[in-house]
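Engineer: One letter stands for each residue in the lines below.
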Amino acid sequence: MSPISFQLLLLSISFGAGIFGAVLGLGGGVIIVPALTLGLGVNFHYAVGASIVSVIATSSGAAATYVREKITNIRVAMLLEVATTVGALLGATLATYVDSQKLFFVFSVSLFFSAYLMFRKRHRETSHLPSSEGHWMARALKLNGRFHDPVLRQEVEYVVNRVPLGFFLMLGAGIISGLLGIGSGVLKVPAMDSAMNLPLKVSSATSNFMIGVTAAASAGSYYVRGDIVPLLAAPVALGVLLGSWFGTHVMMKLQVKVLRKIFIVVLFLIALEMLLKSFGISVR
Amino acid sequence: MAKQMVAKKEAENRLMQMELVLAFVLRYGVLLCIAIISAGVALRLLHLGVVSTSSEDIVAALRSGQMIKSSPLPVSLAEFWLGTVRLDSDVITAAGLAFLIALPIFRVGMTVVLFALEKDKNYFFITLLVLVILLSGIYFGKSL
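Just so you know, the sequences run in chain order A and B.
Position 233 of the first sequence, counting from 1, maps to 233 under our numbering, and the rest follow consecutively.
Every position in the second sequence, counted from 1, becomes a number in our numbering once 284 is added.
What you were told as hints is all true, and nothing was included just to trick you.
Restraint ranges, calculated between C-beta atoms of paired labels, are given here:
hint	chain 1	residue 1	chain 2	residue 2	range
1	A	41	B	402	45 to 53 Å
2	B	394	A	164	25 to 33 Å
3	B	293	A	9	45 to 53 Å
4	B	405	A	266	42 to 50 Å
5	A	113	B	334	39 to 47 Å
6	A	12	B	369	30 to 38 Å
7	B	424	A	109	25 to 33 Å
8	A	139	B	337	50 to 58 Å
9	A	262	B	400	42 to 50 Å
10	A	12	B	368	24 to 32 Å
11	A	146	B	338	53 to 61 Å
12	B	360	A	117	38 to 46 Å
No lab work stands behind these hints: they were computed from the structure.
The C-beta atom is built at its ideal place from N, Cα and C for all residues, glycine as well.
Given the sequences, and given the hints that come with them, work out the whole structure.
Structural biologist: Here it is in structure tokens:
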């Protein structure tokens, strides 16, 4: 394959991944890494390096949108970023000791888990339950907040619970992000909304705010290690960025519910293929 | 008490406003990075400038799942400068990529300053810690 057609192929795959990612509220990484490794035969480490760069590009490009919504809890984000960045560095370090076969396995497991979480979320309401007075750490660290809920048309106050558990789960989300080159928003959101009782909307906005910083932690180490190949990372970053802009601006009217169901099936199939690959079985 | 609440809310709003400004810097920063990265790739594909490994070899190695034997990406300012002057397309692309990775780090750095200005000691140290972790990833990245 000639270099130019390879670039165009990468650009179009990434564009599609970006659209999917934006419409479904996932990053593009969940699609990019399997596409590059299973589809194009690229070495797992390089696929991860390219994907993590694209995560930074999309997250930075969209940051303004999330802050403008005024529901991002900056203090929660900063506190939890201590955990996600440490995790991301651990993950990036771990990646050098783990061979591709095992990485396929871990990726497969986290895809199954993502698919399960998305499946569980399919009928979820966005409002949240009022809770007790919250965790003492949340009061000490001024984590409790309020936001304007356009559905309820009122200011909703919320308190933050189980801060240590949330912190611990974020460490895990960081490891997965650094190891597999994904934003791991799909793991960050439940850590905040299920474990810490943050309203779902606040959780998603805060998660999106955090993703770029988490990714930058491992991307720095992938970069100096030489796992970021310009000829691979450049079209992937560009494609995912354009795709996600297209996704958020043009495809908003799409039936997300239908798409979500299709995507759960796709995610499941990719996870299955990755699982087989981890046992040395090639489907194609 | 009420006065305190108002002051607290104002401080929150200031924080949000400044974060919003940072977020816009990030957005335009991304555009700039993409422009630099695209310029580097275009130079390479159009066979302008110098390259250390041919595109054909890199693509072949990528498609076969192999590691690539090429010169490492630049890390020092001197390397970036020399490469750019020589029109080394990989160095130009790498500069765009490095700048892109630096954007969230820059954002965290600015947030440290914001919390210092707000005299919020706890969050000054928390954000500073995040910044140190991010920078140590780059500093120790090779040996990790």
